[in-house]
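Visitor: Here is how the chains run, residue by residue.
2 protein chains.
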Amino acid sequence: MSAPHDPPATRRRGRRRAGEETRTALLSAARSAFAERGYDGATIRHIAERAGVDPAMVNHWFGSKDALFTASLDIPLDPAVVFPEVLRGDPDQLGERLVTRFLTIWDATGGGPMASLIRSVAAHDAAARMLREFVTRVILARVVATLGPDQADLRASLVGSQLIGLGMARYVVKLEPLASADHATVAAAVAPTIQRYLTGPLT
Amino acid sequence: MSAPHDPPATRRRGRRRAGEETRTALLSAARSAFAERGYDGATIRHIAERAGVDPAMVNHWFGSKDALFTASLDIPLDPAVVFPEVLRGDPDQLGERLVTRFLTIWDATGGGPMASLIRSVAAHDAAARMLREFVTRVILARVVATLGPDQADLRASLVGSQLIGLGMARYVVKLEPLASADHATVAAAVAPTIQRYLTGPLT
Numbered sequence: 000m001s002a003p004h005d006p007p008a009t010r011r012r013g014r015r016r017a018g019e020e021t022r023t024a025l026l027s028a029a030r031s032a033f034a035e036r037g038y039d040g041a042t043i044r045h046i047a048e049r050a051g052v053d054p055a056m057v058n059h060w061f062g063s064k065d066a067l068f069t070a071s072l073d074i075p076l077d078p079a080v081v082f083p084e085v086l087r088g089d090p091d092q093l094g095e096r097l098v099t100r101f102l103t104i105w106d107a108t109g110g111g112p113m114a115s116l117i118r119s120v121a122a123h124d125a126a127a128r129m130l131r132e133f134v135t136r137v138i139l140a141r142v143v144a145t146l147g148p149d150q151a152d153l154r155a156s157l158v159g160s161q162l163i164g165l166g167m168a169r170y171v172v173k174l175e176p177l178a179s180a181d182h183a184t185v186a187a188a189v190a191p192t193i194q195r196y197l198t199g200p201l202t
Numbered sequence: 000m001s002a003p004h005d006p007p008a009t010r011r012r013g014r015r016r017a018g019e020e021t022r023t024a025l026l027s028a029a030r031s032a033f034a035e036r037g038y039d040g041a042t043i044r045h046i047a048e049r050a051g052v053d054p055a056m057v058n059h060w061f062g063s064k065d066a067l068f069t070a071s072l073d074i075p076l077d078p079a080v081v082f083p084e085v086l087r088g089d090p091d092q093l094g095e096r097l098v099t100r101f102l103t104i105w106d107a108t109g110g111g112p113m114a115s116l117i118r119s120v121a122a123h124d125a126a127a128r129m130l131r132e133f134v135t136r137v138i139l140a141r142v143v144a145t146l147g148p149d150q151a152d153l154r155a156s157l158v159g160s161q162l163i164g165l166g167m168a169r170y171v172v173k174l175e176p177l178a179s180a181d182h183a184t185v186a187a188a189v190a191p192t193i194q195r196y197l198t199g200p201l202t
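Protein sequence lines, in the order shown, are assigned to chains Z and R. So in numbering that gives the first Met the number 0, spot 62 of the first sequence is number 61, and the numbers just go up one at a time. So in numbering that gives the first Met the number 0, spot 188 of the second sequence is number 187, and the numbers just go up one at a time.
To be clear, the hints were calculated from the coordinates, so they are not data collected in a lab. One or more of the hints may lead you astray.
Note: identical chains are not told apart, hence a pair may lie in one copy or across any two.
Stated by the list, open to error - Cut-off 20 Å, straight-line C-alpha distance, at most; resulting in silico cross-link-like pairs (DMTMM-like, lysine to aspartate or glutamate):
no.: 1; residue 1: 173; residue 2: 124
no.: 2; residue 1: 173; residue 2: 132
no.: 3; residue 1: 173; residue 2: 48
no.: 4; residue 1: 64; residue 2: 91
no.: 5; residue 1: 173; residue 2: 39
no.: 6; residue 1: 64; residue 2: 132
no.: 7; residue 1: 64; residue 2: 95
no.: 8; residue 1: 64; residue 2: 175
no.: 9; residue 1: 64; residue 2: 39
no.: 10; residue 1: 173; residue 2: 84
no.: 11; residue 1: 64; residue 2: 149
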């Protein structure tokens with residue numbers, strides 16, 4: 000879409016300043032690059048080239064490759080902000096903190112972005128791959144890394160399954176009473192599941 | 000779409016025999032009727048009228064309103080066959096039987112129908128409503144009815160959340176190792192969740 004190596008500033012569209020245009024170009028280039036090459040294969044340098052901007056603009060506008068990846072999926076959280084909060088404190092309360100944080104983030108959006116995300120994932124293999132990499136690399140690898148390597152991949156995918164299902168049930172299918180239940184009720188019911196998937200016996 | 004009260008046999012398209020044509024007409028009428036009126040509001044008589052066939056054709060082709068509803072959602076199970084099997088036996092093993100049965104049914108399809116279902120549900124409120132009614136009325140009301148009324152609705156929606164999430168993670172997002180794990184591994188990990196949602200403490 001955007002020309003690679005479009006040199007210093009594009010003549011076609013006037014000088015591309017560090018504005019919304021740069022951010023939008025980076026998001027568009029990131030979506031294509033992550034979908035084609037996966038999380039590891041899509042480098043910041045390559046994404047910046049596709050967008051026709053300096054690689055430093057990724058850090059300027061997003062702060063990190065993780066954050067750019069998250070933004071390109073339209074997920075309303077910044078891992079660099081959320082994770083220190085969730086991981087801090089008693090490991091036995093990790094499930095409860097994760098569920099509560101999940102509800103707080105998605106409730107604030109009314110569920111629209113979750114419906115969009117699920118729509119993309121169901122319709123496009125590339126979007127499914129992006130969500131898969133987001134769940135396993137950005138989110139859960141970090142959580143599980145704090146807990147040790149015992150069946151880490153299986154634990155991560157189990158946590159992913161319950162959180163995706165909670166999002167789908169609460170915001171898309173709107174299964175009652177789960178859709179309208181307050182955070183304390185949902186956390187009391189679901190947090191022990193997440194906690195067991197993270198730290199409990201799986202067999 | 001099809002004319003209601005199209006008398007005895009439609010002249011327009013030749014004699015409509017009890018064949019695939021009748022089945023297809025019933026499915027199409029059922030999808031519209033369930034989406035517009037919900038499960039309770041869409042009567043067999045009304046669906047048959049929309050399809051221009053005799054109401055007895057519903058039982059002839061599908062066996063029950065439940066089975067017609069399930070078929071109209073393109074869900075590859077027949078509740079009348081599945082439920083007696085799942086509900087039979089030790090109530091403490093219900094979670095395991097439910098998870099194993101879920102995996103057997105969906106693995107047989109390779110996940111295509113699950114992706115189609117999720118795609119419809121994310122894109123259309125009417126499809127979301129149909130899945131909601133399917134989960135709460137056809138599937139879980141029966142399971143929970145065998146276990147008593149304590150927080151039955153919350154339990155049903157929690158089970159729904161984990162099963163929807165398992166389907167999405169295994170067949171659509173293809174989160175590994177959950178996507179390729181054998182039934183025993185998945186059941187060992189997920190069955191205790193389903194069992195607690197059905198019969199365990201939620202607070």
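Visitor: Could you work out which earlier hints the structure fails to respect and list their numbers in ascending sequence?
Guide: 3, 4, 7, 8, 10, 11
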